[in-house]
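Participant: Each chain, written out:
There are 2 protein chains.
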Amino acid sequence: MEVCTGPLGQGICNAVGLAISEAHMAATFNTDDHKIFDNHTFVICGDGCLQEGISGEASSLAGHLGLGKLIILYDDNSITIDGETDLSFSEDVGMRFEAYGWHVQAVGDVSDLSILRRAINNAKAETGKPSIIKIKTLIGHGSPSKEGKESSHGAPLGKEDLAGAKRNFGLPDDKSFYVPEEVQEVFTAAAEKGDKQRVAWDAAFAEYTAANPEKAAELSRRMARELPEGIFDNLPSFTIGQDKDLATRKFSEKCLTAMCPLLPEMVGGSADLTPSNLTHFKGAVDFQKDSPEGRYLRFGVREHAMAAVCNGIFAYGGLRPFCATFLTFVGYCVGAIRLSALSQFGVIYVMTHDSIGLGEDGPTHQPIETLESLRSMPNIMVYRPADSNETSAAYKMALSKAKTPTVICASRSTVIALENSSIEKACKGGYIAVDVDSPKLVLIGTGSEVNFCVEAAKKLTAAGTPTRVVSMPCQELFLEQSEEYQKSVLPGNVPTLSVEASSPHGWHRFSHAQIAMTTFGASGNGDAVFKHFGFSTDNVVAKGQALVDFYGGGAAPDIMNRPVFNNIMGKLH
Amino acid sequence: MEVCTGPLGQGICNAVGLAISEAHMAATFNTDDHKIFDNHTFVICGDGCLQEGISGEASSLAGHLGLGKLIILYDDNSITIDGETDLSFSEDVGMRFEAYGWHVQAVGDVSDLSILRRAINNAKAETGKPSIIKIKTLIGHGSPSKEGKESSHGAPLGKEDLAGAKRNFGLPDDKSFYVPEEVQEVFTAAAEKGDKQRVAWDAAFAEYTAANPEKAAELSRRMARELPEGIFDNLPSFTIGQDKDLATRKFSEKCLTAMCPLLPEMVGGSADLTPSNLTHFKGAVDFQKDSPEGRYLRFGVREHAMAAVCNGIFAYGGLRPFCATFLTFVGYCVGAIRLSALSQFGVIYVMTHDSIGLGEDGPTHQPIETLESLRSMPNIMVYRPADSNETSAAYKMALSKAKTPTVICASRSTVIALENSSIEKACKGGYIAVDVDSPKLVLIGTGSEVNFCVEAAKKLTAAGTPTRVVSMPCQELFLEQSEEYQKSVLPGNVPTLSVEASSPHGWHRFSHAQIAMTTFGASGNGDAVFKHFGFSTDNVVAKGQALVDFYGGGAAPDIMNRPVFNNIMGKLH
Chain X
1 MEVCTGPLGQ GICNAVGLAI SEAHMAATFN TDDHKIFDNH TFVICGDGCL QEGISGEASS
61 LAGHLGLGKL IILYDDNSIT IDGETDLSFS EDVGMRFEAY GWHVQAVGDV SDLSILRRAI
121 NNAKAETGKP SIIKIKTLIG HGSPSKEGKE SSHGAPLGKE DLAGAKRNFG LPDDKSFYVP
181 EEVQEVFTAA AEKGDKQRVA WDAAFAEYTA ANPEKAAELS RRMARELPEG IFDNLPSFTI
241 GQDKDLATRK FSEKCLTAMC PLLPEMVGGS ADLTPSNLTH FKGAVDFQKD SPEGRYLRFG
301 VREHAMAAVC NGIFAYGGLR PFCATFLTFV GYCVGAIRLS ALSQFGVIYV MTHDSIGLGE
361 DGPTHQPIET LESLRSMPNI MVYRPADSNE TSAAYKMALS KAKTPTVICA SRSTVIALEN
421 SSIEKACKGG YIAVDVDSPK LVLIGTGSEV NFCVEAAKKL TAAGTPTRVV SMPCQELFLE
481 QSEEYQKSVL PGNVPTLSVE ASSPHGWHRF SHAQIAMTTF GASGNGDAVF KHFGFSTDNV
541 VAKGQALVDF YGGGAAPDIM NRPVFNNIMG KLH
Chain U
1001 MEVCTGPLGQ GICNAVGLAI SEAHMAATFN TDDHKIFDNH TFVICGDGCL QEGISGEASS
1061 LAGHLGLGKL IILYDDNSIT IDGETDLSFS EDVGMRFEAY GWHVQAVGDV SDLSILRRAI
1121 NNAKAETGKP SIIKIKTLIG HGSPSKEGKE SSHGAPLGKE DLAGAKRNFG LPDDKSFYVP
1181 EEVQEVFTAA AEKGDKQRVA WDAAFAEYTA ANPEKAAELS RRMARELPEG IFDNLPSFTI
1241 GQDKDLATRK FSEKCLTAMC PLLPEMVGGS ADLTPSNLTH FKGAVDFQKD SPEGRYLRFG
1301 VREHAMAAVC NGIFAYGGLR PFCATFLTFV GYCVGAIRLS ALSQFGVIYV MTHDSIGLGE
1361 DGPTHQPIET LESLRSMPNI MVYRPADSNE TSAAYKMALS KAKTPTVICA SRSTVIALEN
1421 SSIEKACKGG YIAVDVDSPK LVLIGTGSEV NFCVEAAKKL TAAGTPTRVV SMPCQELFLE
1481 QSEEYQKSVL PGNVPTLSVE ASSPHGWHRF SHAQIAMTTF GASGNGDAVF KHFGFSTDNV
1541 VAKGQALVDF YGGGAAPDIM NRPVFNNIMG KLH
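Taken in order, these protein sequences are the chains called X and U. Here my numbering is used: position 250 in the first sequence is 250, and no number is missing along the way. Here my numbering is used: position 52 in the second sequence is 1052, and no number is missing along the way.
Derived by calculation from the structure, the hints in this document are not laboratory data. Beta carbons: idealized from backbone N, C-alpha and C, even for Gly. Among the clues, some could well be false.
Simulated DEER-style distance windows between Cβ atoms [unchecked claim]:
1. Glu1207/U / Gly524/X: 26 to 32 Å
2. Gly1230/U / Tyr485/X: 57 to 63 Å
3. His1141/U / Thr127/X: 51 to 57 Å
4. Lys124/X / Asp1290/U: 41 to 47 Å
5. Ala125/X / Thr1414/U: 53 to 59 Å
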């Protein structure tokens, strides 16, 4: 199982995700006769991993869930990069894990492997709790001058110390690459053992397939990350005059409730914001210690671990995790979100309360820099749907791209359906929502702000400034379209004003001017806050006309006429 | 003491910062005769605060530091937004805090205030450890139908329940705003007590001032956040041919070593990356339990708590905190960085290893989206200095702006000094580093990439394409300059290529095309990684010429000719 654990603490969370997945997949696919899912999850970690808050979050959750097949080997070498751990880390780690509900052991002498082996066997025997084994080790073991010192952490030992270490271990010091015979034997035996286990598992799975053809076929589909044909026909589509305008978080809930029963690989939940994020799809059962078949995860108020646990769940295979919090709390978990993107794990992030429009919770809860932060990240799709159809498009594209994580940014409050929206159009990332002949002005909106553009365009057009409205739910998708399509939507030399209640930082690519947020938000009624910061039909009319006047009513500099110099590998989608 | 604790877990960390500050200021300013700093720090927190990893990080640090005057009152009401805490949170919080080295008490019956008062007195009596008091409470206490239920968390009780609650407390239910006499008496007495304490403290401080005029003057200067006159004359400035080219992290170390002895309000440290971040200024003494006079903080591997603790330190007053990690780990602490910006706390973030140029640690450690994420945030200055003078300018501006946090992004590897750089020029955020008559091409670089631009410009100019180089260490500062200055540096209609080893997302404001990162990085020797992704003199020459050719050797669309529509309040700096 390969996971990208470079940044400290991520690995423990990934392991919690792997152990959750094993329990869930075993409960879902194993039969009385065939245990095709049956593995332990091991973690080897150091002090740094355990100092990071993210590992505390995940360990508390693992204890709560009683993940009995998760075993941490804690390499307790008393050294960090700054020096001895007692510079900053003097807590009793074993007691902390006991408090989390873990089974805790300590191994004082790591050089006697039989003690370590016994501890691991004890850990396996404790099936109701995750286990941690604290193992006293010596960093730089064997090095004459760097043993037990931080200087052996990040740099090579150096010629003299390396030779000394070799001598200490009875190895010839004149050979750069030397494998003693007994080491070779151990590794050869391990390979043979692994080979046999693989053959045995393949045989067991063949038997399982014969006995449970449907389950086996479903499992194979899920492991291949294939979707059943026609699955997206079940996504809600919106008919004006018939369906009710709602917040996009409500449309997101409808999408989850449409998809989750048809896609049992979808598992997920919220960081204790279920009634706000609306992620509890109809029929969802909690994943808990006594209900591992459940697919709804109660992550607790633990955003960073939530995202990293989802990375582990995706890595296990056969599962498509989603998780949720408020958009602004991307700032609590972006360290793990970037690893979804880097690892090509198609985790779906449902981030509601996506702008100052959330109102009363105030500026601490109102994202400003978040959309731009995510749009600047490689291999991630950021959607800010304006209505029901655009929300369905976001789920369609998210589920279609298994190697790319997606962030769906949804509104707290009601949006008004666009007359010209459709799932198909929204899947191009940006499209003409309101058109006119020979536009003198283009308004680009996203999410809840598109409606201000639609209303403003009516007024501007009526007043003699023919105005086009472009809805752009996903910049990344729009940039994947042909140059011809892009320019058919955004002519580039027609004065263009973007309207998004977020930082203007990246919008200079598409628009000549922006109605945007250059300060933090404010607390108040959502509509009042929008208006205060210039998100209103009247202000869009005023600034739209001002922009047209700025260019003397004629052409603007053609900002779409620019070359793109991709770097070596291009953007992965 | 006002701190912005909206997002869960921040408050506990702020309190750890306040308690650190109290200990440090007492050790620095109190005399045997006068204890002008002598306060406890109280926290009232809930389950959510304690589930967040950030609070675990800070609590472990507080235990290590033995902050005996820090007292947490834990409102243990067994309810979160999703429902009962046992959905996700079944750990033994008391035992966990014992493991951190805290003094732990539990109060079962909160309605008997004498028990609570006794517990607080016990907590005060324990001066060697921080204290937590776990207090069982009932959410929605007194409400007939919502007591003990999550429905009373985020919404008003409703008319009927409100009336019922009033009845239960013996209050008249026909009055909307009613203050019983005994409550009024308690509050009046508290105001009188506070008033007396203030008068007594003022008198004590007057005595202190008479006895210790220099200390008092220094304290007043620090509390007013004023800097001694001429302080910046001490910043290093670089003379080519005389001084040695180094990495900007080394120049950052020189700035800290120049400023810290002169500005005793500067306190800070690193999240266990001291030898990499180079923040251990000459003469720094560790702040530890037995050395509260120390100014160097060993934060441990706890980035998020580090940033939030610094917010608390700034809030206390009289201190100017700085802290450090790798730039990519902004993703671990941006939740607290945004609160520095929102709270107008001038924390200085020293973020080294600022690009793919860091090399071997690979893509998990190489920031891509980070610069754009920070540049999208209101009220924060982001510097990426290209050489020694620009690094000094970053410190000068950072220290000058007490109400604005600063991120100084520094390179791991050596940069070559710019012939035309100066502290003064760099303080304009962007300036002409290499000029030519009638440029046909403008190259904009930041940080370590400016040198590729300088070398490329030489070649391009020699080959018949007169090329200007602009160094832009700080976009925010550049945008604060007059429109005239901005256009004198960037004409707008001369083909402009920006070169930064980071996301191109926000660069469309200033450049027609970008050499940038649209994928994650790679592991390898730093120079090789730069070259692989197109950061080389040759590629800048090739793409620069291609850009000139794209526009037929003539004018490009004038991207600097755009109106700016600020929202209501403008950007705070």
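Participant: Should the hint that His1141/U and Thr127/X are 51 to 57 Å apart at their CB atoms be regarded as holding?
Facilitator: 41 Å, violated
Participant: Taking 26 to 32 Å as the hint, is the beta-carbon distance of Glu1207/U and Gly524/X inside that range?
Facilitator: 46 Å, violated
Participant: Is 41 to 47 Å a correct range for the gap between the Cβ atoms of Lys124/X and Asp1290/U?
Facilitator: Distance hint for Lys124/X, Asp1290/U holds at roughly 44 Å.
Participant: So the hint says 57 to 63 Å: do the beta-carbon atoms of Gly1230/U and Tyr485/X match that?
Facilitator: 60 Å, holds
Participant: Just to be sure I understand the hint, the distance between the Cβ atoms of Ala125/X and Thr1414/U should be within 53 to 59 Å; is that true here?
Facilitator: 55 Å, holds
The structure is inconsistent with the numbered hints 1 and 3, although it conforms to all the rest.
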